[in-house]
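Assemble the whole structure, with the sequences as input and the hints as a guide.
Heads up: the sequence shown begins at 1 in the numbering used here, then just goes up one per residue.
Derived from the structure by calculation, the hints contain no laboratory data.
Each residue gets a CB set at the ideal place from its N, CA and C atoms; glycine is no exception.
Be a bit skeptical, because a hint or two may be false.
Stated by the list, open to error - Distance windows between CB atoms, simulated:
hint : residue 1 : residue 2 : range
1    : Glu-48    : Thr-288   : 44 to 52 Å
2    : Pro-64    : Pro-16    : 33 to 41 Å
3    : Arg-133   : Thr-288   : 43 to 51 Å
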Amino acid sequence: MRATDIPEIDARDLVPGAPGRAAALADLARAARVSGFFTVHSTAIDAEEIAGVLVELRAFFHAPEAEKSRIDMAATGSNRGWGAPLGERVDPGSNPDYKEVFDMGFELAPGDPLAARGLRYYAPNRWPEGRPRFRATLERYYARTMGVSMTLLRALAEALGAPRDHFDGRFDRPMALLRGNFYPARPPWAGERDFGIAPHTDYGCLTLLAGDGVPGLEVQGRAGDWRPVTSRPGAFVVNFGEMLEIWTAGEVRATPHRVIGSEAERISLPLFFNPDYDTDISPPGSVTPRLAGEHLSRRFDETYLHLDPTA
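Structure (structure tokens):
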């Protein structure tokens, strides 16, 4: 994989009427079709805001396990709250990932008809006690990253020759998941099948990833090579997931990536931006509907060990 296969895009160039817009849209289309990854800077979210979220997450992850376990998602039928190390397996050929996580997502408004269906993708969020800034900081960041993600999807639609509003109306109640990943220093017992997160493709549409500046993310090229990917402070690494690959009949690429880990701990902050549960993500011309929620359900069951129906 060449460095130019993962373009760096200035978000200001994606605004209609911007002088550099044509070149930015061409870079976005190339990223979607070739590498499945790009970086974007100068969004509405700056480095200071990201740093504030990372401060809250770092303090939480370094809290005693007894505190974190009070919101352990393994005690629920959903993926809200804290996930302990070895609680997920993203690759059947690897051991469970040694990272730990905090997950939060979209909550339905009172009286929403969708609530009666009991879908776990809209489960109530679980928050640590005694950390008032934690919830407020993450909820604000969650809302703002969804806005940035929708802006990028509109630009992507146009870059691929579709109307700019192609995705509008399909993310009104998104199954969007904001996650804090905590990768401790690679354990001394770790072998070749042990990863911070094993090779995988993301399950949804678009992932907007911020981090603490510690390297670790690697992307697989078409020849099977692995290349590190980083971004400048305040910028995001963006990649596309399986839903968008299905939805576009393979025009957009979902690319395998991984984190092996190192001697340094690392925190990353992805927003997995996924459409409404009932969105049909079947490719153009398909006569068989394929619901976004059903795809996500299958992949979650395969990943979260506490949700695996065969366990």
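Checked hints:
no. : hint                             : result
1   : Glu-48 with Thr-288: 44 to 52 Å  : holds (47 Å)
2   : Pro-64 with Pro-16: 33 to 41 Å   : violated (50 Å)
3   : Arg-133 with Thr-288: 43 to 51 Å : holds (47 Å)
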